[in-house]
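Residues in the sequence shown are numbered from 1 upward in steps of one, following full-length UniProt numbering.
Derived from the structure by calculation, the hints contain no laboratory data.
From the three backbone atoms N, C-alpha and C, an ideal C-beta is built for every residue, glycine too.
Any given hint could turn out to be false.
[To be verified] Distance condition first, Cα-Cα at most 30 Å in a straight line; then the derived BS3-like pairs of lysine-lysine: (1) LYS329 / LYS297; (2) LYS620 / LYS479; (3) LYS595 / LYS479; (4) LYS27 / LYS479; (5) LYS51 / LYS33; (6) LYS248 / LYS275; (7) LYS190 / LYS275; (8) LYS180 / LYS130.
[What the hints assert, rightly or not] So the derived label-pair ranges between C-beta atoms look like this: (9) LYS275 / ARG80: 56 to 66 Å; (10) LEU605 / GLY162: 18 to 28 Å; (11) LEU397 / VAL290: 20 to 30 Å.
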Amino acid sequence: SAAGAPKEHTWPCSLWVGTVDGVPSEKLLRAGKILRNAILARAPHMIRDRKYHLKTYRQCCVGTELVDWQLQQSSCVHSRAHAVGMWQALLEEGILNHVDQELNFQDKYLFYRFLDDEDEEAVLPSEDEKREAEEELQETLLFLSQIGPDSHMRMILRKPPGQRTPEDLEIIYDELLHIKALAHLSNTVKRELAGVLIFESHAKAGTVLFNQGEEGTSWYIVQKGSVNVVIYGKGVVCTLHEGDDFGKLALVNDAPRAASIVLREDNCHFLRVDKEDFNRILRDVEANTVRLKEHDKDVLVLQKSLRPSSHGNVPAHFKYTVMAGTPEKILEHLLETMRLDINFADPDPALDDFVLMHCVFMPNSQLCPALLAQYPASQGSEQERMEYAVASKRRVLSLALRWASLQAHHLLEDDTSLSFLEVGHQILKPNDVSVFQSLGVNGRMFVCTREQLDSLAPLPEQEGPSTGSMSSFELMSSKDLAFQMTQYDWELFSCVHEYELVYHTFGRQAYRRSTANLELFLRRFNQVQLWVVTEVSLCGTLSKRVQLLKKFIKIAAHCREFRNLNSFFAIIMGMCNPAVSRLTQTWEKLPSKFKKFYAEFESLLDPSRNHRVYRLTVAKMEPPIIPFMPLLIKDMTFTHEGNKTFVDGLVNFEKMRLIANTIRAVRHCRSQPFSKSKLLNILNLQSLWETLCEMFVCKFQVYV
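Using the sequences and the hints given, assemble the complete structure.
Given below as structure tokens:
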């Protein structure tokens, strides 16, 4: 649809989300001007008079062309959806307008006009303005790429629930996975919420959302900003921030509001669930919940959902997902519903969840007897019992094969699985303590008698370097360095067992298991980060410090090229360290090209919306990938601490599933081998490795 451009462009107050009183921010106004001038400089044909249905629309752009152009300009634009969000950020504030005043930017043949072109006497940019736009374009696109995902999310949430596409619902669902207030809810409920959530924003502090004593009509989640909870006679009793929720109690109990909610700051955003939708979701969840009871107690809780058929004419079937249960009943259900024709390399996700997480709620000492107990049949003819036993053994064998393939050498360390082995003599008894497994950071091991302990002193190299390694460092190719770092990081990453992630999340002391490989890989991040800080801090010459910063930016760029995101972020975070970032004269001397590279890299560290920019970047990559491991650890810790492991005596299997999904993300990163030969054909690495070994041993220590 299209219509003539209005003389005055008016917007509903609820649409203005970036500023108070509906006035576009200076930064976004500038961004709009830069984009318009850059388009007129690089592709002036995009802004022109257009005809549609015998009507002329003056100085318009087409939505699809704007998206195409933006994707061509910068690598920081990750996808068409990302570009849509960036244009939506301008449309929200009236800097870019749809000719028919539609509120959502669409990647379609629709007409949009820049604010500067609304005036019939709009002036074309001068040559100086075009040149200025060229210089500032990358910085502007980087800024818009950071705020674009939020604008895209708001655009989706403004759509009526019935108009949201499956892609829209998936984006909302991904957002809900990382909201603190929803951590305890099942994935089924979160998917239901994705279809009914409504975006609501208020511009000014002091606005009252609802008053104490009013009827409860909605449940709110704070998406941005903060609110005060006010009770008559007591004043402000607490403040709620991003990720907190309020208003649910009045809906659950069908009672009046227990407090008033007042905006604490300007420009607050909320996700709202209305009472009718809230109650319907609760009813639907309960109606689709199947509870198996024994002695009047729940022993297995299943969630019923539709399994769509791959054939259009065949009706869809129901599938049952384990939500909670006793360990024995969960195992029994998974074995009974196991498909024996499934490919071993592509197992049932529920079975994979169990195998990955069973150590949390069903250790080997319980699992082995429980598997053996599946064999005998209690009733039926001899033939039926024989068939049952054979089928049971096939299922148990299938699970055991999957279990053994994951645990590997861990089975050899378990007393239960190796109880048939007898050991005649042990130097270290099972209950011995203080048996070290690894050295501390920058530690050394000394062999001496007890009497010599007091005379031991740190070695000179443990005191840390007094000079940097710039002289040898600048002789090396940045690409070669990044490759060798990636090769070493991959060796560390590939040694991390999936179970180490489980032990680290739930506390390795509870399992008496080592997480040495994971700790070494996590330590590597700190080592590289502080190596950057150490080298820059020890460099006493301004010009050499500038060269050093350029070198690290180049290495970081190549690390990203090699999909080594762990070292990439370690280098960037090292450069963000106050010891480096405070060197204002050094940064001022850094060429503008490198400043732009660094700004783009730094934007990937943006933690907003649960590191959405980073996650979008990783989603575009193909394995092998060395991921940003601290973020994966954070994801698992968030899931662990936000959800109980046992609820009413039953295993919270939904929690196990969420953590297993993160572990599978690690598995995906390692699903393809790191091809050394392919990269070695590109790089010249004749004598580099020996030099690097010396640097990493002598200089890359962590000095704090």
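Unmet hints by their number, sorted upward, for this structure: Numbers 4, 8, 9 and 10, in rising order.
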